[in-house]
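Asks: What follows is the residue order along each chain.
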Amino acid sequence: MTAATSAPQPVTAAPGDAVAARVRGLRKTFGATVAIDDVDLDVPAGAVLGMLGPNGSGKTTLIRMLLGLTRPTAGTVELLGHTGWDLAAALPDVGALVEGPGFHPFLTGRDNLLRCAAAEPRLVGDARGPVDAALERVGLADAARRRYRGYSLGMKQRLGLAAALLVPRRLVVLDEPTNGLDPAGTRDVRRVVAELRDAGATVLLSSHLLAEVEAVCSHVAVLQTGTLLVAGELAALLDADAGGLVVSTPDVDDAIAALRAAGAPAHRAEGGVAVPPGPLEAPQIVAALVGAGVAVWEVHRRRAHLEELFARLTEEDA
Amino acid sequence: MTTVEQARTTAPFGRLAAAEVRWVLRRPRTLVLFALLALVPVAIGVGIALTGGPGGGDRDGPGLVAAVAGNGLVLPIAALSLALALLLPLTVATAAADALAGEAAHSTLRGLLLAPVGRTRLVAMKGVGVLTVAVVAVLAVAVVGVVTGWIVVGGPSGTMITLSGTTLGLGEALGRVALVAGWTIVQLLAVAAVALAVSAFTEHPLVVLAAVLGGLIVFGVLAAIPSLEWLQPLLLTSGWGAGTDALRDPLPLDGLASSTLRALVYLVLGAAVTVWRMRRRDG
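Chains as they are written, first to last, in our numbering: chain A, 1 to 318; chain B, 1001 to 1283.
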């Protein structure tokens, strides 16, 4: 299954330039449990890469190794051109929200961020400006002077996002950023990700919300039980998975008979008849149906959705 | 791009230390412990005022607290000795527990590691925070002790009558108080270093408190067993009686020096283990 890695990426350019992050042969075991098994992955610079996978598939472990929070059992990590012992040198340019927000309950949201700001190497001078700007950006300006103790789950998540955005970043890593957020919060995350992308930053986003990933990501990587199933450009993956036609008709049985007679593999599907990609092109299929006297309401190309791709990838393995 | 590459990769240490001190001194439980500590000399003072102030009550009971009766500047030293038994170690252990285990429990340790604050610098920054707590705690006891002693007992125009029967002038008496305060801080730093080492291994602050208080109790028990007398030089707490040496004249330095040396050994070992562990710890 690991064969399908990094399919359509032009990542052969100078290392450190074309990729924001790169892992090779990455492996992590906790005792007898294999959390990450021999993963190769490139995060192209400027991409918004969505990392997908069921719970426990190793998304967070992979992110933690990428950021130097956990040591790999084997393999190498490269982050913004830094590797090995030097990995921490990349971190000033990396904003991260990993495993949920972490703040002190007895401080206000703003004071928590000021404490984060004191530790930010890229921040020089008065931290109050950047802190207030970050609070504004995630929609927390009104709650900034309330204690973190009283924050709702969504507000905590927003504060975590604000901490990742305190200074301009080259790479932003967001682990389940929409956890606990209401629809408005989800939209805000989408907007922030778009702003980051437009500013030239690379975004690595892990999520189990497929629609979310489909809406904001240019690339996806799918993990299952520690193995990378597929990685590449979202559009290319969806195109490869798409194809076939859906025919809306009241005469389903007749249509299937007519199509099979014409040499097209057809089967009953929701909304009519599905015709997987086969020897016949769309005009020939329509002609075959009309020729057989089948009433046709509509014929459309089946658009692949990430959800189907994901389901196919993760279920065929199981 | 080149300016980014040349920029610093970690925040200036002064800024980190200042943020840490601000954080430590704003934490409610630290402030509560400071207030409790300030009450120790007040409680002793009130007790003396009630049971037998200067010129009244029975003076023949021996011991430290009795010596305070006519003798205001003995009070801070008595209060420090009393607080060193439990409350002061508890205070620094709390600070050390919050410093690493507490940050891990709140997921804030990860934020510091990702900033990044270098792992060794992180330990140094936490050391500054715990040192601040130890200094403020000891100062709270000493300063409130001096003031309470002066109010409650007054003392014959600010002199100190030593346990040896001689009388010290105000300046020298205050010097003795400062000496005991400094010595107490060093003893507390030894406790703090060990507590930080435990803190580096766990994400449960209570484990640190239990380890420190359990350690104090075990040390006390070991010290009370006659056949284990050879262990005495190794036990941190066995030198903790030396603080009252400051009430003797001339000042015997043996106990103070040996207990300080012992504390420094604990301090170095604790700091080394903390750094070793934090350089490997998962964030």
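Hints are supplied without guarantee of correctness; some may be wrong.
[To be verified] Okay, derived cross-link-like pairs now, SDA-like style, lysine to any residue, Cα gap no bigger than 20 Å in a straight line:
no.: 1; chain 1: A; residue 1: K156; chain 2: A; residue 2: R122
no.: 2; chain 1: A; residue 1: K156; chain 2: B; residue 2: A1105
no.: 3; chain 1: A; residue 1: K156; chain 2: B; residue 2: A1272
no.: 4; chain 1: A; residue 1: K156; chain 2: B; residue 2: T1108
no.: 5; chain 1: A; residue 1: K156; chain 2: A; residue 2: R145
no.: 6; chain 1: A; residue 1: K156; chain 2: A; residue 2: T108
no.: 7; chain 1: A; residue 1: K156; chain 2: A; residue 2: D111
no.: 8; chain 1: A; residue 1: K156; chain 2: A; residue 2: T60
no.: 9; chain 1: A; residue 1: K156; chain 2: A; residue 2: G200
no.: 10; chain 1: A; residue 1: K156; chain 2: A; residue 2: R190
no.: 11; chain 1: A; residue 1: K156; chain 2: B; residue 2: S1107
no.: 12; chain 1: A; residue 1: K156; chain 2: A; residue 2: H104
These are calculated hints, taken from the structure and not from any lab test.
Asks: A separate judgement is required for each hint: does it hold in the structure or not?
Replies: Results for each hint:
The suggested pairing of K156 (chain A) with R122 (chain A) is violated, with an alpha-carbon distance near 24 Å, which exceeds 20 Å. Between K156 (chain A) and A1105 (chain B), the direct Cα distance comes to roughly 16 Å. Compliance with the 20 Å bound is thereby established for this hinted pair. Taken as a hint, the K156 (chain A) and A1272 (chain B) pair is broken in the structure, with Cα atoms around 36 Å apart against an allowance of 20 Å. With a CA separation close to 13 Å, the supplied pair K156 (chain A) and T1108 (chain B) stays within the 20 Å bound.
At roughly 13 Å between alpha-carbon atoms, K156 (chain A) and R145 (chain A) fall within 20 Å of each other, so this suggested pair holds. With a CA separation close to 11 Å, the supplied pair K156 (chain A) and T108 (chain A) stays within the 20 Å bound. For the proposed pair K156 (chain A) and D111 (chain A), the alpha carbon gap of about 14 Å is at most 20 Å, so the pair holds. Between the alpha carbons of K156 (chain A) and T60 (chain A) the distance comes to roughly 19 Å, so the proposed pair stays at or under 20 Å and holds.
Pair hint K156 (chain A) plus G200 (chain A) does not hold up; C-alpha atoms about 27 Å apart against a cutoff of 20 Å. For a cut-off of 20 Å, the pair hint linking K156 (chain A) to R190 (chain A) stands: about 17 Å separates their Cα positions. Pair hint K156 (chain A) plus S1107 (chain B) holds up; C-alpha atoms about 12 Å apart against a cutoff of 20 Å. In summary, the hint linking K156 (chain A) to H104 (chain A) is supported, as the alpha carbons are separated by about 11 Å, within the 20 Å threshold.
Comparing the model with each earlier hint shows violations of hints 1, 3, 9; every other hint is respected.
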